[in-house]
Amino acid sequence: MTSLNGVSLGLLEKDLPPEQRLSAYVQIGQLLREFHRIPMETFGYIGSTGILTPHSTNHAYMTHQFRRKLDEFIERGGDSSLARKVAGYFADRTHLLHACTQAVLCHNDLHAGNLLATITPTGAQLTGVLDFEGALAGDPLMDVAKALYYLDDTTRRALLQGYGDMNREHWRQTLELYHLNFVLELWCWMAQIGNEQPLGRLASDLEHYSAV
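Position 168 of the sequence shown, counted from 1, bears residue number 168 in this note's numbering, the numbering being contiguous throughout.
Watch out, some of these pointers could steer you wrong.
Simulated DEER-style distance windows between Cβ atoms [claimed, not checked]:
#1 Gly128 / Pro39: 21 to 27 Å
#2 Arg201 / Leu126: 28 to 34 Å
#3 Arg93 / Asn5: 40 to 46 Å
#4 Thr57 / Asp165: 39 to 45 Å
#5 Ala99 / Tyr149: 18 to 24 Å
#6 Pro17 / Pro39: 16 to 22 Å
#7 Pro18 / Thr42: 37 to 43 Å
#8 Arg84 / Thr118: 32 to 38 Å
#9 Met166 / Asp109: 17 to 23 Å
#10 Gln173 / Asp109: 21 to 27 Å
#11 Gln192 / Asn167: 34 to 40 Å
#12 Gly47 / His170: 29 to 35 Å
#13 Ile119 / Met166: 30 to 36 Å
In the SDA-like style, the derived pairs of lysine to any residue whose C-alpha atoms are separated by at most 25 Å in a straight line are [unchecked claim]:
#14 Lys69 / Leu82
#15 Lys14 / Thr122
#16 Lys69 / Glu207
#17 Lys69 / His208
#18 Lys14 / Asp109
In case anyone wonders, no lab produced these hints; they're calculated from the structure. Model, not experiment: these values are computed from the prediction. Virtual Cβ for every residue (Gly too), placed ideally from N, Cα, C.
Can you build the whole structure from these sequences, using the hints too?
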């Protein structure tokens, strides 16, 4: 790790002038686009021997994952009425999942803490990507949605500017569906590791996304 050029963008960005920080997020969008130019044969998580539990379609993969996580949400003490609300929202919008017909390489956790950068005379320049542990073959919009989740409106716009045309009808609604799915996954992860502090906020996010 110490041989790689650059330091964590998460450490650098707080000291960057606003225009340089936005430039870095434009670059993140461009980087996501480059990942998504790499086609994969099927949908699923990527393991050491290939794609684990592969699915032939995005719809099959995402509905399988969603049901698993919703069951886990209930098993770990999540509110059952909220689970029904989330399930209804997802069911009403599963048709959006059919629009992705080609799996691509998704980093699945692309944020400033997983990016290396250097400071040049013109600003921050991305130099490396870390943490491919959760990489998967999936819908590029799922990867975009996860990258956008923690950002404010300004940095979201910069990332989307860098990413460019989504080439997808109803892409905004699809991002919202993937945001809901990500929050559900995050709630389950925090419950699994015993971090109860963010569970209330994440449950409120589930309420918010399922009410849109």
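Name the hints, by number, that the structure is in violation of.
4, 6, 8
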